[in-house]
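Participant: The whole structure should be built from the sequences, with the hints applied where relevant.
Chains A and B, in that order, give the protein sequences. Plus 593 on top of the position in the first sequence (first one is 1) and you've got this note's numbering. Plus 67 on top of the position in the second sequence (first one is 1) and you've got this note's numbering.
Honestly, the hints are just simulated from the structure, not real lab data. Be aware that one or more of the hints could be misleading.
Distance ranges between label pairs, derived from CB positions [said to hold, decoys possible]:
no.: 1; chain 1: A; residue 1: GLN637; chain 2: B; residue 2: ARG95; range: 29 to 37 Å
no.: 2; chain 1: A; residue 1: GLN607; chain 2: B; residue 2: PHE136; range: 46 to 54 Å
no.: 3; chain 1: A; residue 1: ASP674; chain 2: B; residue 2: SER137; range: 41 to 49 Å
no.: 4; chain 1: A; residue 1: THR705; chain 2: B; residue 2: SER147; range: 22 to 30 Å
no.: 5; chain 1: A; residue 1: GLN662; chain 2: B; residue 2: SER147; range: 40 to 48 Å
no.: 6; chain 1: A; residue 1: LYS671; chain 2: B; residue 2: ASP138; range: 22 to 30 Å
no.: 7; chain 1: A; residue 1: GLN662; chain 2: B; residue 2: ARG83; range: 48 to 56 Å
no.: 8; chain 1: A; residue 1: GLN601; chain 2: B; residue 2: SER126; range: 19 to 27 Å
no.: 9; chain 1: A; residue 1: ALA708; chain 2: B; residue 2: PRO106; range: 24 to 32 Å
no.: 10; chain 1: B; residue 1: LYS82; chain 2: A; residue 2: GLN662; range: 41 to 49 Å
no.: 11; chain 1: A; residue 1: GLN676; chain 2: B; residue 2: ARG175; range: 22 to 30 Å
no.: 12; chain 1: A; residue 1: GLN649; chain 2: B; residue 2: GLU84; range: 46 to 54 Å
no.: 13; chain 1: A; residue 1: GLN601; chain 2: B; residue 2: PRO106; range: 18 to 26 Å
no.: 14; chain 1: B; residue 1: LEU150; chain 2: A; residue 2: ASP693; range: 26 to 34 Å
Cβ coordinates follow ideal geometry from the N, Cα and C atoms, glycine included.
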Amino acid sequence: AQTVTQSQPEMSVQEAETVTLSCTYDTSENNYYLFWYKQPPSRQMILVIRQEAYKQQNATENRFSVNFQKAAKSFSLKISDSQLGDTAMYFCAFMKRSNDYKLSFGAGTTVTVRA
Amino acid sequence: AAGVIQSPRHLIKEKRETATLKCYPIPRHDTVYWYQQGPGQDPQFLISFYEKMQSDKGSIPDRFSAQQFSDYHSELNMSSLELGDSALYFCASGKTGPNEQYFGPGTRLTVT
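Facilitator: The following block contains the structure:
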């Protein structure tokens, strides 16, 4: 079974600044996928970014980027130039590459962007 | 672009009643996933379907059952409801494989 750990329950950041969310995971799989999902107050789950474990290059989506360290089983999310609309709960999630494709989520980190 | 549709959006039931949640996946998506998110918790996988067959099962109570129909919509049936079943229930759809899952807006179930 895979476990995903997010050790920061809450984080606060000033608008326009940068914040980094940590995520570690435990798995015996060699091939897998990692995701960050955003859940704003509306409770909608929105995919932020995705990383394939077999790719060494870190994924980037506009102001969102990840630091994927496979050996350390670490997958952090950096939000640059934070905006008020980034205020949300952020979930790190793991998916195996074969047989079953369910998402296993971490406990989440609440990010508050201050004006 | 079409998104995942869930109905109803809100549902209030009493203990021991039955509830049915519906999910309409994005067109041409062949896989549906159901997740349960309790208050202040992360989403937990319940069950998934691929081409109308159950493909995986998580921590879904025996009181719950689900199926996927010929038009690919899915229904989650919940019987003998308990207070602890109060949660946000998400349906997500995608193309089979390690692909992105697109979440619906969720159904908020409150059991009183």
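Participant: All hints, please: hold or fail.
Facilitator: Hints and how they fare:
no.	hint	result
1	A/GLN637 x B/ARG95: 29 to 37 Å	22 Å, violated
2	A/GLN607 x B/PHE136: 46 to 54 Å	49 Å, holds
3	A/ASP674 x B/SER137: 41 to 49 Å	47 Å, holds
4	A/THR705 x B/SER147: 22 to 30 Å	39 Å, violated
5	A/GLN662 x B/SER147: 40 to 48 Å	46 Å, holds
6	A/LYS671 x B/ASP138: 22 to 30 Å	42 Å, violated
7	A/GLN662 x B/ARG83: 48 to 56 Å	49 Å, holds
8	A/GLN601 x B/SER126: 19 to 27 Å	26 Å, holds
9	A/ALA708 x B/PRO106: 24 to 32 Å	28 Å, holds
10	B/LYS82 x A/GLN662: 41 to 49 Å	47 Å, holds
11	A/GLN676 x B/ARG175: 22 to 30 Å	27 Å, holds
12	A/GLN649 x B/GLU84: 46 to 54 Å	52 Å, holds
13	A/GLN601 x B/PRO106: 18 to 26 Å	20 Å, holds
14	B/LEU150 x A/ASP693: 26 to 34 Å	30 Å, holds
Checked against the numbered hints listed earlier, the structure breaks hints 1, 4, 6; every other hint is satisfied.
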